[in-house]
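Protein chains: 2
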Amino acid sequence: MSSIKKAEKAWPDLTRLLYPSGVAVIGASIKPNSISGQPLAHMIAGRYEGKLFPVNPSRTEVQGLAAYRDVREIPGPVDAAVIAVPAIHVPEALEQCGEAGIPYAVVLTSGFIDLGNEAGAALEKRLRESIAKSGVRVVGPNCVGVMNLTNRAYLAFGGGVSDKSLRPGPMAIISQSGGFGQSMMTFANLHGVGCNYVVSCGNETDLHLFDFAHEFLDREEVKLLAIYMESSVEGAHIRALGQHALRVNKPILILKVGNNDVSRRAASSHTGRITADYALFRTAFREGGYIEVNDLDELADVARLVIAGKYPKGRRVGVLTGSGGWGVMMAEQCEKNGLVLPQISETSKENLLKLSSPFASLGNPIDQMASYSEQHKMLEIILDDPSFDQYMVRSVAGPKTGEWAEKFIETSAKTDKPVIVLWASVPTRDAEIRESIESAGHLCSNYAGRAARAVARFTDFAIKRHRFDNPPDCGFSRLVPERSLELGNGRGALNEHQSKQCLAQYGIPVTREIVLDLGQIEALGECPISFPVAVKVVSCDIGHKTEAGVVKLGIETLNDLKREAKVVRDSALRYLPTAHIEGIAIQEMVSGIEVILGAVNDVNFGPYVMLGLGGVYAELLNDVTHRFSPVSVGEAMEMIAEIRGGEILKGYRGDSPADISALAEAIHKLSCLIVDHGNQIAEIEINPLFVLPKGAGVVAADALIVRSQEEH
Amino acid sequence: MSSIKKAEKAWPDLTRLLYPSGVAVIGASIKPNSISGQPLAHMIAGRYEGKLFPVNPSRTEVQGLAAYRDVREIPGPVDAAVIAVPAIHVPEALEQCGEAGIPYAVVLTSGFIDLGNEAGAALEKRLRESIAKSGVRVVGPNCVGVMNLTNRAYLAFGGGVSDKSLRPGPMAIISQSGGFGQSMMTFANLHGVGCNYVVSCGNETDLHLFDFAHEFLDREEVKLLAIYMESSVEGAHIRALGQHALRVNKPILILKVGNNDVSRRAASSHTGRITADYALFRTAFREGGYIEVNDLDELADVARLVIAGKYPKGRRVGVLTGSGGWGVMMAEQCEKNGLVLPQISETSKENLLKLSSPFASLGNPIDQMASYSEQHKMLEIILDDPSFDQYMVRSVAGPKTGEWAEKFIETSAKTDKPVIVLWASVPTRDAEIRESIESAGHLCSNYAGRAARAVARFTDFAIKRHRFDNPPDCGFSRLVPERSLELGNGRGALNEHQSKQCLAQYGIPVTREIVLDLGQIEALGECPISFPVAVKVVSCDIGHKTEAGVVKLGIETLNDLKREAKVVRDSALRYLPTAHIEGIAIQEMVSGIEVILGAVNDVNFGPYVMLGLGGVYAELLNDVTHRFSPVSVGEAMEMIAEIRGGEILKGYRGDSPADISALAEAIHKLSCLIVDHGNQIAEIEINPLFVLPKGAGVVAADALIVRSQEEH
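Going down the list, the protein sequences come from chains A and B. Using this note's numbering, the letters of the first sequence map in sequence onto residues 74 to 785. Using this note's numbering, the letters of the second sequence map in sequence onto residues 74 to 785.
Pulled out of the complex, with its shape left as it was, chain A reads as follows (with noise of 0.2 angstroms):
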C-alpha cells in the first residue's frame, strides 16, 4: 500500500498528533453512535480538555458544541483533524485542512484502495494528491483511529473506545486491523495492562506503521509496544525497528498473522522454495526487540513480565510449591517452553534442612510444606540461591492468604530476579491480596502453561538484551577480506564449476576437479584425479543435473572414466538439445555427513544464509534455520545447534564429531560473500556441503550460483 522507505529515513514527531490543543471533527454527526458521531462523543464522555470544532455545514451545533461550516473558519488552534465525510469528499476536505494549517488528519472512511477495484484505486490516487498538495500528514484512510488514553483525545471511534474502565498505562498498541487493535487494548486493560496510544493504521496511505513504532519507542512514557501485523514487504524497516527497540530496551510484543500465504517467487535453489516468508519474519523478530506472541492472553501475560521490570538473567527456574501435583504441571510447562529446572545447591538444601518443616522434595519443583510462619525464611532461602535465575511460586490458598501475600511481597522485594506467582486461591476470592501482588510486580497467573509460555519468551527477550550490550564475540570479526568476484556480464545462473571458485575465493573448500572437453578425456593417459571420481557435465543450461542424467559417481577405473564421460554428454544432449556445454568436470568423490547451505539476497530483507541437514527430510520436516547476513562464526555455531538434526554432527550414537567448526566458518565465509556481492547475486546453494570428520575441514560438492536479474 505504501511505498518502501528506507530504513535510514527520519521519523516525523507526532507531538502534535497525540497532544493536539484542538481537534476538528470534520463530517461530525449529531447521532453520538454513528461513526462520524462518536469521536466528538467519545470526547466529550472522556472529557478531553483540548478544544472541539466539530465542521458540519448544515448544522450551527453538534453535539452540544458550535459547529463550522468549512475547516478554513475555526478561529483556534487546531492539531488534528478527524475526517468522516464520504470518501468522494475526503480530498477536498484533507485540501482544506492543509489551507487552514492543521497539521495531521486521521482520515476513519473507508471506500479507497481497500475495495479492491478501480473506483477504489482511482480515489486512492486522488487522495495521495492531496497529501501531496496540502502537506498534511495522514493517518488511515479505511481505520478506526488514533486513541490517546492519558488525555482522551480519542480520535477515534469503535466498541473499544467506549469501554468505561481504560486505565492509562505504559504500553502503545499499533494494529494493522482496527477491530483487533481495539481487542488488544481492551484485553491489555482487562489483564492490568494499561495503555497510552493506540493506533489503527488503515490503509496506510502516508503514515505507516513504522512511523508510530519509532514515535512511540522515542516517547519516554512508552515501556512496551505491541503490534498487530497482518503482512508487510518492509522486510529492512521492520529490522531496524528491531534493532531500535534493543537499542532503547523496548520490547516489541508482534503478533504476526498471515503466515500461511506462501507465495514465494519461483526460485532456483531448495533454499529459496525451503524459505517460507514466515521463516524470515520469525528471524527477524529473534534478531531484534521482538517477543512473538500468539494471542490476547499471551500478549497480556508477557506485558505484565514487561512492566514488573524485573529481567531474568537466564532460562534457570526455581519451582515452589506446597502441591506436588502443581508442581509436576508447572515443572512440564517450564520444559515445554525451554526453560531448566536446575536442582537446588547444597548450601541452600542444608539452609532450609535447619528449618522445622518437611519437605516432600527438596528437588526442583521444591515441595514443601512449611507451616506458614516457615514459608517467608524458605523463600528467602530460596531466592538467595544462585543455582536460579528466576522463580515460579505457587501461592498459598485459605485464611492466610493474605498475610503469606505481605511477607511474599516484602520477600521477594529483596531480589532483583523475576519471581511468577501461580495463584492458589479460588479465582472468585481474594481479589484484592491478587492485586496487591500484582501491583508490587508479580505476574500473577491461574494457568501453569500460560505462565511458562510467557516467561520463556521474556526471558527469550532478556538474553537478547543481554547481549545486545555483551556482544558475545566483541563485535563482528571477517575471516576472509572483501573480494570482487567476476561473475560476468551475463545473468541467471553460474556453471557448478564457476559457482565453486567463487566458493573457493572465499576460503569455502570445493572438490577437487578439473574440467576438460570429451576429446582431451578420451586422450588422458592417466586420470588427473585419484580415483573413486566423479564426471559431471559442466553447463550453465542444466540446473537439474540428477534430473538430466548428467552425473556418475564412484568411477574407478579410466576405462569407466572415458565411457562415462561420454555418456554423461550424451544425456545432457538428450535432456536438452541447445545446451551448451562448457565442458565435463572430473571431480574427487568425498564423503561425509551432508549439510545444504543457502544464501538469498531477499527482495524484501536482504540477504540472509540458510543452513539444513542433506537429503529430503530436513526439507520435509522443515529443519533448517535462518540468519540474516553477515553472520559471525559464533551465530554460524549457533544456528549448527538449532536444528534437530544437528545432532548428527555432533557424533550421534557414538559416529565421532563433525568439523562443526569448519562448518561454522563457512557459513560465515558463504554469508560474507553475499553481503559483498548483494545487488550482484540472488542465490547461491551448496548442496551438498560435506562435513568430515573433527579437524578434516568441510567440502562444497556442488554449488550453484545465480545472478540477479536486475541491472545494476
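Where hints are given, some of them may not hold.
Partial chain A-side listing against chain B, Cβ under 7 angstroms, derived [unchecked claim]:
| # | residue |
| --- | --- |
| 1 | Asp368 |
| 2 | Met402 |
| 3 | Leu694 |
| 4 | Ile721 |
Cut-off 30 angstroms, straight-line C-alpha distance, at most; resulting in silico cross-link-like pairs (DSS-like, lysine-lysine) [said to hold, decoys possible]:
| # | chain 1 | residue 1 | chain 2 | residue 2 |
| --- | --- | --- | --- | --- |
| 5 | B | Lys450 | A | Lys104 |
| 6 | A | Lys473 | B | Lys237 |
| 7 | B | Lys104 | A | Lys450 |
| 8 | B | Lys490 | B | Lys450 |
| 9 | B | Lys480 | A | Lys237 |
| 10 | B | Lys625 | A | Lys767 |
| 11 | A | Lys723 | B | Lys618 |
| 12 | A | Lys104 | B | Lys480 |
To give a feel for the contact side, a few chain A residues facing chain B, derived at Cβ under 10 angstroms [said to hold, decoys possible]:
| # | residue |
| --- | --- |
| 13 | Gly232 |
| 14 | Lys237 |
| 15 | Ser248 |
| 16 | Gly254 |
| 17 | Leu328 |
| 18 | Leu369 |
| 19 | Gly395 |
| 20 | Gly397 |
| 21 | Val401 |
| 22 | Val469 |
| 23 | Glu620 |
| 24 | Gly688 |
| 25 | Glu692 |
| 26 | Tyr725 |
Keep in mind that the hints were calculated from the coordinates and are not lab data. Even glycine gets a Cβ: it sits at the ideal position worked out from N, Cα and C.
Use these hints to put chain B onto chain A, whose structure you have.
Only chain B this time, still in chain A's reference frame:
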C-alpha cells in the same frame, strides 16, 4: 502403589460411598479449619442431609454434634467413614469400621508408603492387612477425599471444598493429586462447568483411579470425566477404559503429567529405545475415548463443548466475522490446530449476494458488513451450507449485542452443527448476554487460539465416536492366518535368517538369501543369487552387525564374494571370539525407500507396532507413530499418513510413488504376528524394510526377533 488388576474385572458399585445415608468422621476435630475438622464443617455448612457422626473419644460433642467414643457405638446406619486419625491408628480404625459393618472409608491421613521410607512401607503393609481383614473398601490414604456436589457429601478437606460458588453439574473429576483435583473443580466451575463428583485417589492402596472411572462412566448423571494422571503402569486398564468411554459416549478429558520421565527398560531394538512411555499413553488416548488437554483453561473449554452436546461430523469450519483482523486470526488458529476452512458453496454465495449487505470477503473467513437486521439471515444461509461441519462466529459488540444474541441463539438452534462464538464485547460488559449464549449451549470464548484448540480436540473425539459406531472397514479382517511359529526353546534373539523366516511365514516378503558355511562358499562354482549380493555373518550373538563389521554390500563377482565371506567371518570372531557363527548369508541386494518397522510386547500396554522412516532422522526428530496390535490395513494406512516422512512414500518432488499398500499390509501382518505370539516374543524389528515402487511390494532386508525373557 497398587497391584495390576485384570482389565476384565468387575468394578465395585460405589453408590453408598457417594450417597451415604450416614457418615462417621473418625478423629473429628472441634477446630473447623483443621484437616480433621474440615469434613464435618464443610458438610454442616453445605447442609448435607444425611446423618453425621463425629467419633472422638475425648469429646461428647464436636462442632455441635453428639460425638461417639468408638465407631462401633454409632446407632444409625453408616455407609461411609472419614478417617483422620494419625497414621499409626488408621489400621485399627479401619478394622473397627469393618466390625461396625461400614462398607467404605476415606482415609485422609498421610504417612504411609508416601513417606518413601521403611516406616511408611511397614505401615502401608499393616494397612493392607487391615483392609483385607475388615472388608472395608478404602479411598486413599494420603488423599483430600471424595466430594459429591449434588448432596454435599463432602468426605474431604481443602480450600476448594469451601468455595461457595460451586454448582453441581455433569462432570466427574478423578485426580492423582489432591490439590490439582480441587483446582480442576474450581476452574471448571469458574468457567460454568459444574461437577457432580470429585475424587482424590491418594495412594490407591485399595480403590484405584479405574474403580472410580468405571463407576462414573456408568452413572447416568455423569456426562464426561476429567482425570489428572501422574503415572500409571496400568496400560491395559487405560486402554479398556478408553474403549468403554467410546461405548457409552462420554469423553474422558485427561491431563497426563510425568511425561518427561523417560525410563524405558534397556531395549534390544531401536523401536524400544525410540518409544518413550508417553508415546504409548498418547497412543492409548488416541485409540480410546480420551481428549488430552494440557492445562485447566483448555479443560474448561473442551468441557463446555462436550456439554453443549452438538458433535461435529468433521473438521470443516466456517468462520464468520465482521472484523477482517479477527477473521485472519480465527482462520490461522483453526488451521494451526488441524481444522480446515473450505470455501462456501456457490449456492450460499448466490443467496448471500441476494442480501443487501456488502461483504468484504465471500470466501472463508466470511467477512461481512451486514446490517444488524440481516445478520441472522446471513447466518442462516451459512449454517445451511453443507460445506461446513461447524462454525466460529464472531459476535457483534455495542448497543445491539443483546438483540443480536437473541436472534443468534434462535437461528443456531435450528442446526445440529456446533456454533462457537468469539466474544466481541468488552469483557467487563454484557455478561448476562454472554451467559444467555453459553446457556444455549455455545462455547463463548475471548481467545481465538484457545477456542480453536478446544474445537480441534473435541472434533477428534467426535470423529472417533462416529467411527466407533461405524467401523471403517466393516470390522477387523485378517490377511494372514494365525500360525504357531517355531521359536525354539532358548531365550534372547533369533538370528537374522531365522527372524526373516518367521516374517516370511506371516507373508512379509524378505530378501532372497541362502546361508552357507565358509567352506561351502569357497567351493561355489557360481553364485546362487544374482549379483550384486550382500554377505552377512549369521549369529544370534552379534546384534549390531554394522558395528561388528560383519556385513558387506554390493558384491559383484564370485571372487569378491569368496574373499568378503572370509573377511566378515574373521571380523565376527575378532569382534566377539566366543560368538557362535551359524553361517554366512548371501542375500540379494534391494533398493527402495527405507522404513523401520517394529513391534514390541509392552509390559504395561501390550503389543504395539511402530513405524518410522529409515535413517537416523526419524529417530532424531521423533517422526514415528505407534498403534496397539492388531492393526487393520486401514489403520496401517493412517499410520503411514501420520509420519511427516510419509510424504516421501507418496512420491516426493516428482519421484514415483512407493508401494504404500504393500507397506500397510506388512504393518498389519507384523501386528498379527506379535499378537499371535504375544507372550513368547518381546520385540521384532525390521530395519530396513525397503518399500519398492507402487505395485512392486516391500522387502525386509534385515530383521531381528527377540524372544521374551520370562518363562511361559
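Non-conforming hints, listed in increasing numerical order: The structure conflicts with no hint, since it agrees with every one listed earlier.
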